[in-house]
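*Asks:* Okay, here's what each chain looks like letter by letter:
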Amino acid sequence: MLWIAIRMLTGDAQKFYGLLFGIGFSTLLITQQMTIFVNLVERGASGVYNAPEAEVWVMDPVSRTTDVSYAMPATALDRVRSVKGVEWAVPHLRAVANVRTKDGDLEGVAVIGVDDATLIGLPERMKEGDKSVLFAPDSVVIDDTGTTRFFPPEQSPIGERLELNDQRAVIRGIADAIPSFTSTVVLYTRYSNALNFVPGTRNRLSFVLVGVSEGETPEAVAARIEAATGLQAQTREEFSQAGVNFIIENTGIPTNFGITVFLGFVVGIAIVGLTFSLFLRDNIKQFGALKAIGVTNAKIVQMVAAQAGLVGMIGYALGVIGTVAFIRGFGANPFFKGFYIPWQIPLISLAAVVVILAITGLIAIRSVLKTEPASVFR
Amino acid sequence: MLRNLSFARQILPALALIGLAVAVWLVLGGLPDRSTAQPAEQPPKAVGKLANEPRVAGAGIVEPASEIIDIGSALSGLVTDVRVRPGDRVEKGQVLFTVDARAAQASLAQANAAIGEARAAIAEASTAQKTAREQLALYRGLGDPAAVSRAEVIRAEGEEAAATSRLGSARARLAAAQSAAAAARTEIERLVIRAPIAGEILAVNIRPGEFVATQGGGNSQPFIQMGQTNPLHVRVDIDENEVARVALGQPAVVSPRGAAELHVEATFVRAEPQVVPKRSLTNSAAERVDVRVLQLIYALPPSDDFRVGQQIDAFIPAKAPAAKGEQ
Amino acid sequence: METTTSGNCAPEAAICARGIARDFEAGQTTIRVLHGIDTDIRPGELTYVVGESGSGKTTLISIMCGILYPTEGEVKVFGTDIYSLTDTELVNFRLKNIGFIFQQYNLIPSIDVASNAAVPLIAQGMPREQAREKAKVLLDKLNIGNQADKLPRQLSGGQQQRVAIARALVHEPRLVVCDEPTAALDASSGRRVMDLLREVAVAPDRACIIVTHDNRIFDLADRIIVLEDGRITHDGKEMPDGH
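Sequence lines, in order, name chains A, B and C. Each residue of the first sequence is one higher than the one before, counting from 0 in numbering that gives the first Met the number 0. Each residue of the second sequence is one higher than the one before, counting from 0 in numbering that gives the first Met the number 0. Each residue of the third sequence is one higher than the one before, counting from 0 in numbering that gives the first Met the number 0.
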């Protein structure tokens, strides 16, 4: 019987494609908007992700995110190193500075000072150049988003000189980094250079990056660091979450995207519900005949479920494919750099599709189930 | 079987499934790598038994056992000769450099001349004295007081006294000239700068022909820096908050900056009695600090891996946690 | 005119209806469309139920074939009291024992003729190809075997009704119920459909009820039951005078 149901569904091309469009559009809207939302707020954690070695971040108790931090005295590094379970600890400086480009434009940049000796704190990959270029004097590594902001596409930034708070800085490499939420240009340099580039305040050490010893968990070590030093220690996960939460709390993004996702859901229910109801109503005589001939209601429900399942499967696939194509297609755009589709989101939109079909299917099928078989004789 | 292949029923679902599979593959393949990476280079870390025991970390700097001696010059003048080069090992008293001594040499020659003159005067005065005494003794030996006039006797007595005083004056002049010569020699000696202790020349900032002023010229560089580099010491800064935890007297594990894989055990020498403001090791002129540190001195074993002035990371055992009184 | 007061049913009766009454709610009021119908339908006969619109003939036939619950009375179809069955049992009873032919054919437009004719077999769980083969045999009998792979809309009305007949008979039911089978057809095709129906449907162990007011085909009936205002006013071989 189910194949008959499928035939009935595809026999009405107009409504079939209408249903596909409704589901596909809903899926696309929900998946794509949630993806952009997640990626956008995850930009708040890009600073954490760009320092892949650090398992624990230690900071002043008032610091909140990688960009909202309060510097610590230099000896904090040694105090952290003193804690049991800390395999290594290196200084990490994050500050803002003004840079004068060759054209004379003024631009705010983030200066990130990574450990002098080990370069811990640099992004994992370099787009151009090697990490070791930082050992050269006055050298900085720019992030790839910054490249597009500072230089025309045809110009290689390698070797360009910048004026950074009256200090000379030479770009010697491009880091493959996840852009920050504000897409600020980021300059990576060694800690000692960063101290020169950034105007002096009393304390300069923004963070201490910590690796934990084998057999220790980051959580335990972080708790121990907090107990022993009075500083705030967060694991990588906690700190990235803090960055995300900061964006969520301080911007209207969740509301905006939440509304769009909700709209996608509503549009899905509206289009699919209407079309599905119309479709079933068109076929109500056939269903009535089938009921009279001797098809049970359970079987009818199965048939409608099969129809909904087919529509849902194809429409959902189209929506997900559309989202993937969208994210892939715009991957080259700096705004979308590093965007990915968390695997949970297609599952969420799948659940949404199931809910949409369940709601609309139940509403639509009621008329079929309520149809008296006797009505076929009228 | 009815119509060979239906777009809506067969091709579309198949395409949808294939597309979905591709999408799933792309989604799973596109998930970002959020795992932590191992550092490419070894950062400084506590090793061995310190890794799992209470410890205190500190940053420090390598210095000679004698600390760095900035050699000064007592007198100003032109440098005439530099006898050592950086890296030379010198004995105590070895000449390091000399300053132009011509003026002092001239003084010495002058003093020597004065000595000769004084000696001649002494000779002349003693001769005169002797003559006067002899004549006086002759007069005194005459029995007849009338044999020599009283006036003659007085004259002879006066001559004797004059000669005696001339001799004393000449002697005094000799002594003066001799001491002038000694002063000149001392000055010449002071223009030769010698090593105060046995040790290694760390820096030479003068060249022959340069003018050296007496030390204390504010930001001027020291002329020569030296120190006893066998053994080397490290001066480790410990945050004042951690001072109570340090197990004084225990050996420390020391790694030079940039070569964290090296772990050298350094023996405890002493703790500075005074807690001092942390000296910036970042070379930033604008740095002001409110952090105070206790400086601990450790002796390094003989090694080629450490240089004077190098920054190091040190790990020092802490007292047993029970002594901390926390927890 | 036959009015039976006793509840006894002849053992050979295909349908034995006793005291059938049916009410319909119409707003505040209740309208009784059937007033205690007692009748037996015998196998091997082509029985017509005839009446004006609103006479209750559709209601009666719906009740007799198990798709409408009566307000009062009981119906036995081949000895089974169908309204004492559960819903599912009743549905399965219909599927197994009753074939339906509707006025508007109610064919499924998006599946081909053979599949449409095979629907009861498929609903019974027979594999599709086997069911279609059986259906094609029957379609051949109905002279539309060459149309088996077409869609219903490609067929004329008479041909579609023949497909509906095939669907009603494909599972060899013991009772066939037809609702105005010729109403949507012109005279000649209606005639041809009725000839075929009489030829194929009527069998010694099968009862066949046709609801109609198409006087062009009254001559084919073995028995005609006339219904007026919910009561049987005539029951016989011929139509009473005045109709």
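Worth flagging that the hints you see were computed from the coordinates, not collected in a lab. A few of these clues could be false.
[Stated by the list, open to error] Which residues of chain B face chain A? A few of them, derived with a C-beta cut under 8 Å, are: (1) 4; (2) 5; (3) 29; (4) 30; (5) 42; (6) 43; (7) 44; (8) 53; (9) 208; (10) 209; (11) 211; (12) 213.
We treat Cβ as the ideally placed atom computed from N, Cα and C, and that holds for glycine.
*Asks:* Each of the hints needs a verdict: does it hold here or not?
*Replies:* For each hint, the structure was consulted:
Interface restraint check for residue 4 of chain B: the shortest CB-CB distance to chain A comes to about 13 Å, outside 8 Å, so the restraint is violated. Because the smallest distance between the Cβ of residue 5 of chain B and any Cβ of chain A comes to about 7 Å, under 8 Å, the interface hint for this residue holds. Of the supplied interface hints, the one on residue 29 of chain B holds, with its beta-carbon coming within about 5 Å of a beta-carbon of chain A, less than 8 Å. Here the hint on residue 30 of chain B is kept, as its CB sits about 6 Å from the closest CB of chain A, short of 8 Å.
Because the beta carbon of residue 42 of chain B sits about 4 Å from the nearest beta carbon in chain A, less than 8 Å, this interface hint is met. Hint status for residue 43 of chain B relative to chain A: holds, with the closest Cβ pair at about 6 Å, below 8 Å. With its C-beta approaching chain A no nearer than about 4 Å, residue 44 of chain B sits inside the 8 Å limit, and its interface hint holds. With a least beta-carbon distance of about 6 Å to chain A, the hint placing residue 53 of chain B at the interface is held under the 8 Å criterion.
With a least beta-carbon distance of about 32 Å to chain A, the hint placing residue 208 of chain B at the interface is violated under the 8 Å criterion. A distance limit of 8 Å between C-beta atoms decides the matter here; for residue 209 of chain B the minimum to chain A is near 29 Å, and the interface restraint is violated. Residue-level restraint check for residue 211 of chain B is violated (minimum Cβ-Cβ distance to chain A is 32 Å; threshold 8 Å). About 35 Å separates the beta-carbon of residue 213 of chain B from the nearest beta-carbon of chain A, more than 8 Å, and the hint is not met.
Hint compliance for this structure: hints 1, 9, 10, 11 and 12 are broken, all remaining hints hold.
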